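**Student:** Residue numbers (UniProt numbering), protein chains in the order written: chain A, 1 to 387; chain B, 1 to 387; chain C, 1 to 387; chain D, 1 to 387.
No wet-lab data here; the hints were simulated from the structure.
Check the hints yourself; a few may be wrong.
Identical copies carry no separate label here, and so any pair may be met within one copy or between two of them.
What the hints assert, rightly or not - Heads up, simulated SDA-like pairs for lysine to any residue below, C-alpha to C-alpha not over 20 Å straight-line:
#1 K266 <-> Q289
#2 K350 <-> W372
#3 K117 <-> L28
#4 K266 <-> A310
#5 K286 <-> Q270
#6 K169 <-> R332
#7 K169 <-> K266
#8 K213 <-> S368
#9 K91 <-> S35
#10 K175 <-> T60
#11 K104 <-> P309
#12 K91 <-> V120
#13 K8 <-> Q38
#14 K169 <-> G152
#15 K213 <-> P369
#16 K213 <-> H367
Just so you know, these numbers come straight off a predicted model, no measurement behind them.
Number of protein chains: 4
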Amino acid sequence: MGMVGGGKGAFIGAIHRAAANLDGEIELVCGAFSSNPQNCLESAEMLNIPANRSYTDFNTMFTEEAKLPAAQRMQFVSIVTPNHLHYPVAKAALEAGFHVMSDKPATFTLNEAIDLKDIVEKSGCLYGLTHTYTGYPMVKEAASRVANGELGEITKIVVEYSQGWLASKDDEDGKQASWRLDPARAGVSCCMGDIGVHAANLAETISGLEIVKLCADLEPVVDGRQLDDDGTVLLRFNNGAKGVLLSSQIAVGEENNLNIRIYGSKASLQWQQMEPNTLWLRFSDKPSQMIRAGVGECAAATAQSLRTPAGHPEGYIEAFANIYRQFAQQIRDFDDAKPSDITMQAPGIKEAIRGMAFIENTVAASHSPQKWHPFLLSNIQLPGDKV
Amino acid sequence: MGMVGGGKGAFIGAIHRAAANLDGEIELVCGAFSSNPQNCLESAEMLNIPANRSYTDFNTMFTEEAKLPAAQRMQFVSIVTPNHLHYPVAKAALEAGFHVMSDKPATFTLNEAIDLKDIVEKSGCLYGLTHTYTGYPMVKEAASRVANGELGEITKIVVEYSQGWLASKDDEDGKQASWRLDPARAGVSCCMGDIGVHAANLAETISGLEIVKLCADLEPVVDGRQLDDDGTVLLRFNNGAKGVLLSSQIAVGEENNLNIRIYGSKASLQWQQMEPNTLWLRFSDKPSQMIRAGVGECAAATAQSLRTPAGHPEGYIEAFANIYRQFAQQIRDFDDAKPSDITMQAPGIKEAIRGMAFIENTVAASHSPQKWHPFLLSNIQLPGDKV
Amino acid sequence: MGMVGGGKGAFIGAIHRAAANLDGEIELVCGAFSSNPQNCLESAEMLNIPANRSYTDFNTMFTEEAKLPAAQRMQFVSIVTPNHLHYPVAKAALEAGFHVMSDKPATFTLNEAIDLKDIVEKSGCLYGLTHTYTGYPMVKEAASRVANGELGEITKIVVEYSQGWLASKDDEDGKQASWRLDPARAGVSCCMGDIGVHAANLAETISGLEIVKLCADLEPVVDGRQLDDDGTVLLRFNNGAKGVLLSSQIAVGEENNLNIRIYGSKASLQWQQMEPNTLWLRFSDKPSQMIRAGVGECAAATAQSLRTPAGHPEGYIEAFANIYRQFAQQIRDFDDAKPSDITMQAPGIKEAIRGMAFIENTVAASHSPQKWHPFLLSNIQLPGDKV
Amino acid sequence: MGMVGGGKGAFIGAIHRAAANLDGEIELVCGAFSSNPQNCLESAEMLNIPANRSYTDFNTMFTEEAKLPAAQRMQFVSIVTPNHLHYPVAKAALEAGFHVMSDKPATFTLNEAIDLKDIVEKSGCLYGLTHTYTGYPMVKEAASRVANGELGEITKIVVEYSQGWLASKDDEDGKQASWRLDPARAGVSCCMGDIGVHAANLAETISGLEIVKLCADLEPVVDGRQLDDDGTVLLRFNNGAKGVLLSSQIAVGEENNLNIRIYGSKASLQWQQMEPNTLWLRFSDKPSQMIRAGVGECAAATAQSLRTPAGHPEGYIEAFANIYRQFAQQIRDFDDAKPSDITMQAPGIKEAIRGMAFIENTVAASHSPQKWHPFLLSNIQLPGDKV
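Build out the structure end to end from the sequences listed, making use of the hints.
**Tutor:** Listed below in C-alpha cells is the structure:
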C-alpha cells in the first residue's frame, strides 16, 4: 500500500501503519507523507521507503505509481490526511485506478460524500472507510446475534460515545483540539463529527437498522465554542425502534467510553469498547450470558477476526487491523473476480454517506425548535446556509 | 406508627415494615391494612396488632387513635395504599394531627400535590415521602461531594432508570402490571410515574440543581398501551447544565438499573443502585477514585446512614430504613422543638410537588411537536385536557 | 428472644438485633446485656425492655425467665458475649431448657465444642450458630447447584477471606484488635479463628464436602504478634478434591473480601460476598452465566431467602436475618413436632465442632515441619500443649 | 530477524511475527520454519521470504546468514520451536554470533539454562526471553510503584495463573495438550512449566523480590496424568514477605486468568491480565485508585509501552510487541555501545535460570513430605533422579 499523510509525528498515520503491519499481509511501499518536504524525507527514512517512492504530493504519487509494473506498484492507498483532504485525495486515487482506504470521516460535507459515491462507481475500484470499532470481533458477534433473531424484534437502542478531553478551555490549545473546534477545518460539527458518528455507525452496523428520524440537542457546553462539544440525539429506526445516542467530549473522567445496548423483544445485548472482548446477552427470565471472545461457538465472522485464544485480550489496534485485513481480502477477491463475504467487508461508501448525513442531520435538527426531523440523505438545510 | 394499606400479600407494605423494624426504633401499633375486612383481620394477627387497633377504614383509625393518650397513640402514619388513595389518606391524617410518611408518588395529580402542601403547612405536621434511593449512604456522599465543590461547576447529568419487566404483552397480566398500565389507576404515566420520577429526584437531590426545561419522548413501545412504558427526556438545569434522563420498563435484561453520572468542570461522579456501596469520583488527569462505604473519611450524613463496617454490603432495605430513621429523628426533633439536620431529612412535600410536576411536564412535552418546554409547577396542559 | 451481651456500644449485638427485627417475627423481650449494671440499665431502656426483664447476669435471666408462663417467657437466647463466654452461657441456657442462637465461634476450644454437642443432645433444645455468610441467598443457590450435579465432580475449591484492618502495629490499639490478638481472650488463633473459619465453613457448606487433610502456613506478618494475622491452608476434601484457603487481616486495601470458586468436572461457580446477589456459573465451552438473585428460576431455599425483586440489592444484614428467620422457623417446627427443611436450617452444632476443629488443626499443622496432616476432630496436639 | 520454527500452522510463531511486525521496526528476512521441507517452502512463500533465505535446518541458516554482509544478514534470531529445541538452537545461534530472542521456557532443564548463561556470556551477544506478560504497560507501572516505595514494605504476594483447557480426559487429544502432558516433550512439569512459571516471573518482576523458600502441592487432578495439571505453591521472598502462587489448567471456566496482588505496609496493588489496562492501588483508609493506561502521570517505562490514547484497549499482542521492541532497542544500544534502560529490557538469561529453577524446585518440593524447601539454583534432586 501507499500512504497519503501520516508523516512523522502524526498520530493516526502510525496507528494505520501498525494495523496494516500486524498480519504481515500488507507492505507499505510508497508514500506522500506530508506537505512538508523535510518531513517527507524523514518519514520515508524512518519507514524504510526508498527515496524514489517517497513523493511530495499525492498527485505525483498516483501518476508515478501508475506507471510501475502491476507487481511493483502500490495496490491501494491509505488516506490519513486532515479531514478536508480526504475527498480530493480519494477522488484522485480512484480516478488514477487505485483502491482507497480512507480515514474517517470520508469527506468534509455530505455533498462530497454523494459525489464520491459516483466516483467510486465510475472507477470500478474498491473504497474502504476505517470505522474502526466495527472491526472488533465482538461487534461482529453482536451483529450476527441480531441477524440470527436471538433478540427478537429490536425495540430500543442506547448508544454512547463519551470522552472528557475537551472539558475545559485549557484543553483547547492542543493540536488535536484546535482543529476539531474550528469550523474551517473540522466542518459543521466537533463532537458529532468526530465521535458521535462512530456511535451512529455502530448502532446501524450491529442492528442492521437505519435511522429514519431524529431530534437533536448539540449545544456546546464550554463557553465560546462555535461547534458542539456534547450532544444527545433521540432516534427512530426504520423498524420503529426507539433510540438514544449520547456523545460528549466534555464528560470529565470518561476515556473513550463507546458502548451500546440493543434491546429486543426476546433478549438484549450490551458491548463496551473499553472491554471489547466481552459481549453480554441478557434475558428477562434467565441468567445473563457473558459471551467471551474465543470461548465456545461463535459466528464465522467473529472467529476470523480473532488472533489469540480466549483470555488473551485483543484491543483497538487489532480491531483496526481487522478492517485492513478485510480490505486486503476484498482486494484479493476483486483480483480474483470473486464476491466478498458480506459480513467481512470493511465499511465503505454507504457508511461514508450515512456518516456525513448523520453529522449534517444532527446539526440541522439541533438548530430547529421543532422536535422531530426526518433523516435526509441530501439537501440538508444547515444553519449557515443561504436559502 | 400506624399503617394504612399493606395488608397480607401486599409487596410494598412488607418492605415499609421491614424498613421501619430494622433499627428497633419504630413500633407498628395499629393499622387499617386493607379495604377487605378479612384481610384486615388476618394482617393484624400476622403482625401482632391487637384487634382493637386494627381498623377497617383509615378515617376511623385516625379518629380513634387521636383519642388515645399521647404515649399510646401512633405517632405517625405510613401510607402504602394504591396511588390514588395517597392524597386522601394523607389529607385525613394530617388534618387529624398525625405526621405522614407516604409511599411514592405523593398524589395522583400535580394539583393534589399542590393542595397537599397547603394541608401540610396548615397542619403543622411533618410529611415524608419514600424516595427510597436517596436513603443510600453513597447518595448522601455524592450530594456532599457536589456541595463541597469537588466537581466544580456541574455541566452535565446523565441519569437512567431502566427495567425490563413490562417488555411484552404477556407481562401485562400481573397484578403490578395491570394497574400501572391503566390510566384510571396509575395516572397520566406508567414508566415516568413509576420510575422516571425517581431518576429525576435522584438527579436533583445529588446535584442540588433544579430542572427548568425539558424535551420528552415517551411513546409506548409495546403496541396497544395507553401509557408510556419507555421514555427519554432531555433536560436543562437551573445553572445551565445539560441533562439526559433515560427510563424504561421494556429494556429486556435490565433488573433495576438506576444509575447516575454527574459531570463537572473538575471531576465527575458515578453511582449505580445495583452496587450501591460504591461511588466513583473521576478526573481527567489522575486515577479514578473508588469511594467505598466505610473506607476512609466520609460526610457525616454518609456515616450516619451506615450500619456495618466496610465490605459488608448494605442494600435496598437499609436505604429504605434510613428514610424511616431520618423521619423518626425528625419527629423527635419536632417534639423537642429542635431543627433537623437538613442533610438528614426524609424527602418531603417539595419533592412531592416536583415529582408530580416532573410526571405531568414530561407527558405534556412528549405530546408536543415543539422541542423544548419550560418545567412548570402548575397549570400544565395535559393531552386529554379540554382547553 | 432474650439476649446475653450486646449492651450499649457493642457492635455485633446491634447487628444481631437488626437481623432479628427485620422480619417482625422475633421480639426481644429480655436481656442480660452487660456485666456492667449501669450499661444493663441503659441498654434495657434504649431497647424498650421493661426493668423486670433486664437482668444483670445470665444465670438469673435463665432462672427467672423459666418461671414465666410459656407464652410470656423468651423462646430462645441470642448469645453475643465475648468469645470465652459463648460456651458457659450456651450450656446454662440449654440446661435451663432454652434454645440457643450463638454468635461465632461456638466455643473457646474444640473440647468445649465437643462437650457442647452432648449438652445440646441432652437438652433436647435447638442450637444455632451465626455463620452469617451461609444466610446469603446466592450461597443457598450455589449449594443447590452443586447438589444438583451441575458442576459434575468437584475437583478444586479456592476460598478466600481477606481483610486489611490489622495491617500495622498502629491498628492494634482498637477495642476489636486488642482482644483478637490476645491468646487469653481470642484463643489459639486470630485470623483463622475470626475469619478463616468462615471461609472453611463456606467451602464445606456449598460443596457438601468435608476437609480431611491440610497443610498450613499461619505465620504472623506484623512483628511481635503471638497469634496469626495471615495464613494459607492447602486442603484435601473427602472426595479427593484439592483446596486452597487464603485468609488475611493484613491485606491492606481489602475490606471484607470473602470469595469462593468451586471447580467441577463440568462447570465451576464463583461467588463474592461483597457483591452477594450475583453467582457465576462458568463453563469451558459456552458463555458464563451470571445468575442474579430474583432473575429466573432458582432453588426453593434461594427464593425463601430473598425479600425484594431482582435488582434491589440485599446485603449482610439480610443474610444475618435469614439465619434468624431460619432458626425461628426451626423453633416453630420444633413446637409443632415437624421436621425442618434441611436446606433451610441455621448452622448448628456440627458446624460448631468442625469450625473449632478447623481452627485447632490449622494452628497445629502450621507449627509442624511436616507438610500434610489429617483433619482431626479431637485430641489435637497444639503447640503449647504438654505432651 | 530470522526465525527458527513457526512454520505454517504453528500458533506461537504467528504471534511472534505479529509482535515483531507491529511497530514496523523489525523485518523478517529469513527462516528455518520447519523440519519438514514442504512446510518450509510453503511458509517462506506465505511470508514473502525469498527461497535462498528459507533454510531447512537452523545450523545452515546460521552459517549462511553469517556469510552475508552485515547490512543484509539477520540481526537476531527468534526461536519458536518446540521446547526441547530452545537450548540447542539458542546455543548454535549465539555461537554463530547472533542475538537470540527465545520463546519460553528458555530450556528443557535447569542445567541447560545454567549452561546457556555461560554461552551467552562467552558469545557477547544479547539474549531475550518472551515472558510476555511483563511487556504490559501496567506491569511496568506496577513495578515502578513498588520501586518508588508507594506500597511500603512488601508483606504478601498472591499470584495466580489459572486456565481450564485441560480439565478433562477429552481435552488431552489436542496437539497442544498431548505434548504438554508428555514428560519426554514437556519436561518435569506441565502446569508449572507452562504457566506457573509466568506467575512466578510476574511476582518477582513487579516486586523486585526473589523467592527463597517454598512448599508445593502439584498433584495432578485428572486421573492417569504423569505431570501436574494444577498446583499451589506457598512462598517466602528474600525480604521475608509471604506468598501464594496458584496455578491450574483444570479450572473449568477460567480462560487465561493471570492476576496478581501485592500487599505492602502502606498500600497494595492488583492487576489482572484479562483487563490489562487497569492497575488498582488500594489503601486502608482512603479510596482505591483505578490507575488506567494513558490517564494522568505514569512511569517513563509505562508511557514508552503504550501506543494509543486512554480508553483504546491494548492487549496481548501489544504486550508481546513491547518485548520485541525493547529487544530491538537493546540491539541498537548494543550496536551503539550504549547502556540500555534497565526498566526497558526484555527478560533475559537471569529470568531463564530462575524460571527453570522455579519449575524444578516446585516439582522437587511437591514430592517431599517436608513442608518447606529452600529455592535452589542448582543441584535440585528431582523425583526420578538416581541419587
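**Student:** Against this structure, judge whether each hint is valid.
**Tutor:** Verification of the supplied hints:
1. In the homo-oligomer, the alpha carbons of K266 and Q289 lie at most 20 Å apart both inside one protomer (14 Å) and across protomers (17 Å), since each shortest distance falls under that limit.
2. In this assembly of identical chains, K350 and W372 lie within 20 Å of each other by CA distance neither inside one copy nor across copies; the values are 24 Å within and 33 Å between.
3. For the identical chains of this complex, K117 and L28 are neighbours neither inside a copy (26 Å) nor across copies (39 Å), given an alpha-carbon limit of 20 Å.
4. When the C-alpha separation of K266 and A310 is checked against a cutoff of 20 Å, the pair qualifies only between copies, where the shortest distance is 18 Å, while the shortest distance within a copy is 28 Å.
5. Proximity of K286 and Q270 under a CA criterion of 20 Å is satisfied in both settings, with 16 Å inside one chain copy and 18 Å between copies.
6. For a Cα distance limit of 20 Å, the shortest separation of K169 from R332 qualifies neither inside one copy, at 48 Å, nor across copies, at 42 Å.
7. Taking the shortest Cα distances, K169 and K266 sit within 20 Å of each other only across copies (12 Å), while inside one copy they are farther apart (46 Å).
8. When the C-alpha separation of K213 and S368 is checked against a cutoff of 20 Å, the pair qualifies both within a copy, at 14 Å, and between copies, at 16 Å.
9. Proximity of K91 and S35 under a CA criterion of 20 Å is satisfied intra-copy only: 18 Å inside one chain copy versus 49 Å between copies.
10. In this assembly of identical chains, the alpha carbons of K175 and T60 never lie at most 20 Å apart, being 28 Å within a copy and 52 Å across copies at closest.
11. For the homomeric pair K104 and P309, the shortest alpha-carbon distance between copies (17 Å) is at most 20 Å, but the shortest distance inside one copy (30 Å) is not.
12. In this homomeric assembly, K91 and V120 come within 20 Å of each other (Cα to Cα) only inside a single copy, at 8 Å, whereas the closest approach across copies is 56 Å.
13. Within a single copy, K8 and Q38 get their C-alpha atoms as close as 10 Å, which meets the 20 Å cut-off; across copies the closest is 42 Å, which misses it.
14. With identical chains, the CA atoms of K169 and G152 are at most 20 Å apart between copies only, with a shortest distance of 14 Å across copies and 46 Å within one.
15. When the C-alpha separation of K213 and P369 is checked against a cutoff of 20 Å, the pair qualifies both within a copy, at 15 Å, and between copies, at 13 Å.
16. Both within a single protomer and between protomers do K213 and H367 lie at most 20 Å apart by alpha-carbon distance, with minima of 15 Å and 16 Å respectively.
Checked against the numbered hints above, the structure breaks hints 2, 3, 6 and 10 and satisfies the rest.
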